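Residue 314 in the numbering used here sits at position 314 of the sequence shown, with consecutive numbering throughout.
It is worth saying that the hints were derived from the structure and are not from the lab. Fair warning: this is a prediction, and the values are worked out from it, not measured in the lab. Yeah, the Cβ is synthetic: ideal placement off N, Cα and C, and Gly gets one too. A portion of the hints provided could be inaccurate.
Stated by the list, open to error - DSSO-like cross-link-like pairs, simulated, lysine-lysine; straight-line CA separation at most 27 Å: (1) LYS264 / LYS191; (2) LYS191 / LYS108; (3) LYS191 / LYS233; (4) LYS264 / LYS233.
To be verified - Beta-carbon label-pair distances, calculated as ranges: (5) ILE516 / THR297: 22 to 30 Å; (6) ILE516 / THR348: 32 to 40 Å; (7) PHE421 / ASP371: 23 to 31 Å; (8) GLU441 / GLU232: 44 to 52 Å; (9) GLU294 / GLU61: 48 to 56 Å; (10) HIS245 / GLU61: 39 to 47 Å; (11) ILE230 / ARG76: 25 to 33 Å; (12) GLU242 / GLU61: 18 to 26 Å.
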Amino acid sequence: MDPKIEKVVTRLLKSGARPGPAEAGAPRARSRHAMLDRLLSQGRVTEEDLARCTAQLADLEFVPVEANLLAPELSRMVPASLAYRDQLIPIAVEGGRLQIAAIEPVSKSVIENLHRLSGRRVDQHITTRAAVTQGLRHLYGLRAPGPAPAEARRRATTGRVPVPPASQLLQNLLVDAMSQDASDIHLEPEKERLRVRFRVDGVLMEHAFYPREAVGTLVSRVKVLAHLDIAEKRAPQDGAFEFRHGSESLDVRVSVLPALHGEKVELRLLMPQGRAFELEDLGMEPDVLSRFEELITHPHGIVLITGPTGSGKSTTLYAALKRIRSVSTNITTVEDPIEYHIDGVTQTQVDPVNKFTFATALRAILRQDPDIMMVGEIRDRATADMALRAALTGHLVFSTLHTNDAPGGITRLVDMGCEPFLVSSSVSGIVAQRLVRRVCEECREAFAPDQLIQRRLGVPDVRAERTWYRGLGCDQCLHTGYRGRTGVYELFELSDETRAMVVEHLPTDEIRRTAIRQGMRTLRGDSILKVDRGRTTPEEALRVTALD
Numbered sequence: 001m002d003p004k005i006e007k008v009v010t011r012l013l014k015s016g017a018r019p020g021p022a023e024a025g026a027p028r029a030r031s032r033h034a035m036l037d038r039l040l041s042q043g044r045v046t047e048e049d050l051a052r053c054t055a056q057l058a059d060l061e062f063v064p065v066e067a068n069l070l071a072p073e074l075s076r077m078v079p080a081s082l083a084y085r086d087q088l089i090p091i092a093v094e095g096g097r098l099q100i101a102a103i104e105p106v107s108k109s110v111i112e113n114l115h116r117l118s119g120r121r122v123d124q125h126i127t128t129r130a131a132v133t134q135g136l137r138h139l140y141g142l143r144a145p146g147p148a149p150a151e152a153r154r155r156a157t158t159g160r161v162p163v164p165p166a167s168q169l170l171q172n173l174l175v176d177a178m179s180q181d182a183s184d185i186h187l188e189p190e191k192e193r194l195r196v197r198f199r200v201d202g203v204l205m206e207h208a209f210y211p212r213e214a215v216g217t218l219v220s221r222v223k224v225l226a227h228l229d230i231a232e233k234r235a236p237q238d239g240a241f242e243f244r245h246g247s248e249s250l251d252v253r254v255s256v257l258p259a260l261h262g263e264k265v266e267l268r269l270l271m272p273q274g275r276a277f278e279l280e281d282l283g284m285e286p287d288v289l290s291r292f293e294e295l296i297t298h299p300h301g302i303v304l305i306t307g308p309t310g311s312g313k314s315t316t317l318y319a320a321l322k323r324i325r326s327v328s329t330n331i332t333t334v335e336d337p338i339e340y341h342i343d344g345v346t347q348t349q350v351d352p353v354n355k356f357t358f359a360t361a362l363r364a365i366l367r368q369d370p371d372i373m374m375v376g377e378i379r380d381r382a383t384a385d386m387a388l389r390a391a392l393t394g395h396l397v398f399s400t401l402h403t404n405d406a407p408g409g410i411t412r413l414v415d416m417g418c419e420p421f422l423v424s425s426s427v428s429g430i431v432a433q434r435l436v437r438r439v440c441e442e443c444r445e446a447f448a449p450d451q452l453i454q455r456r457l458g459v460p461d462v463r464a465e466r467t468w469y470r471g472l473g474c475d476q477c478l479h480t481g482y483r484g485r486t487g488v489y490e491l492f493e494l495s496d497e498t499r500a501m502v503v504e505h506l507p508t509d510e511i512r513r514t515a516i517r518q519g520m521r522t523l524r525g526d527s528i529l530k531v532d533r534g535r536t537t538p539e540e541a542l543r544v545t546a547l548d
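Take these sequences, add in the hints, and give me the full structure.
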């Protein structure tokens, strides 16, 4: 387009003129419309020129659209009446977000309506009038339908678009969560709306807001699927259901909690076959990995994994079991709940209602001629004593504890009432772990850290030149700068000196200092290594680890 013509077109578009029918009763507007129509008819500008100028003025992206390539199922996400009224078309779903294209920028209220109807965040783009017209015909047919009578009455009385059916709403949320690799969905009723948040890479992120009237139907739908009592609204409930989408399936664990403005629902998403994690995929440094592999191949003893909820303890245990399973070993687990299925391993689940606890399960497993046992969590003295005695009688036992660091696992067992001499002679090693978010490889950028951030992180030599990385944010990482997670680890192997300290009932701090002197790398030290290697950021290391 000629630069002079481009200036004219830009000025006309800024004034609000668009080609098409002129506004009645506005002579100046009719004149501007006529000028654009004349430029189009003379071939001095094209529809694409107009669309590109519009996109530039609105700071949006111009996209060419081929109507015959639009997927038919897109029409179910945007009602025909809204699409024709606002002259827009859905063009794709990318990263769980609905992409739309329109002739000109649509209003905020339209975006909010689309968000409520589709259950997805919306990104808008600009395209040509011809592309929108052809897209409408391809997706919805030749005639522009008006709103259904019920919808029209409701829109007139409430000013809101209808809430989509609960089954469709829940399916959209689950599909979005799968596409974003979310581990949890939180449905949180507020005074005037329903807030939905996803936990992605360990961090909660807002995903969507829905009208208040969506709460009841959506919670009821979840309860029906999880075989819970729909009428019970004043007591917590737990359940589960399976969700299938295409060739993929999810085990969805449901927790319902009564709250001020309604029932809060938490959905934990688990892949039944688990992720294909091997020990090498977890993020252990080579020296830690080799020492951990030695621990898990001992003929007897206890190996403990410690950390808070959501720190990846179960994943590490499953990866360890996958590494050591064989035809010649009998491996049995007792879990609450069974999160992932492992071929070649006998897995059983506790059932407190029928008094099948970790301790009773361990007693039963010991009569099954086991070589290796995994206890999902040591929660009480009875379970701890059974695990310790199983280790002393020639079995290899894996389990988890909730402690802040690796040496703290020793103190936790003693505080439960276990005899220090049993703990010191049974425990082979303890691994403390956390999960940090990985820097997105697609948008990462190098930077030289200043001394302040290095001192906060506890870097030994702040004067040395270093290159660290941060993610700028892109479509691949949902504009967070992070994609995926990796582990940071603290491996504490009991030596003769530390075993003697346990028997003498010395404080955890003294045991920890001795372990560090003997070569134990702390969680913070391991996180600094991950930052130096460009795997994570200093902010992530500070977020999940404490200064030693």
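Evaluation of the provided hints:
no., hint, verdict
1, LYS264 / LYS191, "13 Å, holds"
2, LYS191 / LYS108, "22 Å, holds"
3, LYS191 / LYS233, "17 Å, holds"
4, LYS264 / LYS233, "10 Å, holds"
5, ILE516 / THR297: 22 to 30 Å, "25 Å, holds"
6, ILE516 / THR348: 32 to 40 Å, "38 Å, holds"
7, PHE421 / ASP371: 23 to 31 Å, "25 Å, holds"
8, GLU441 / GLU232: 44 to 52 Å, "47 Å, holds"
9, GLU294 / GLU61: 48 to 56 Å, "54 Å, holds"
10, HIS245 / GLU61: 39 to 47 Å, "29 Å, violated"
11, ILE230 / ARG76: 25 to 33 Å, "27 Å, holds"
12, GLU242 / GLU61: 18 to 26 Å, "39 Å, violated"
Hint compliance for this structure: hints 10 and 12 are not met, and every other hint is.
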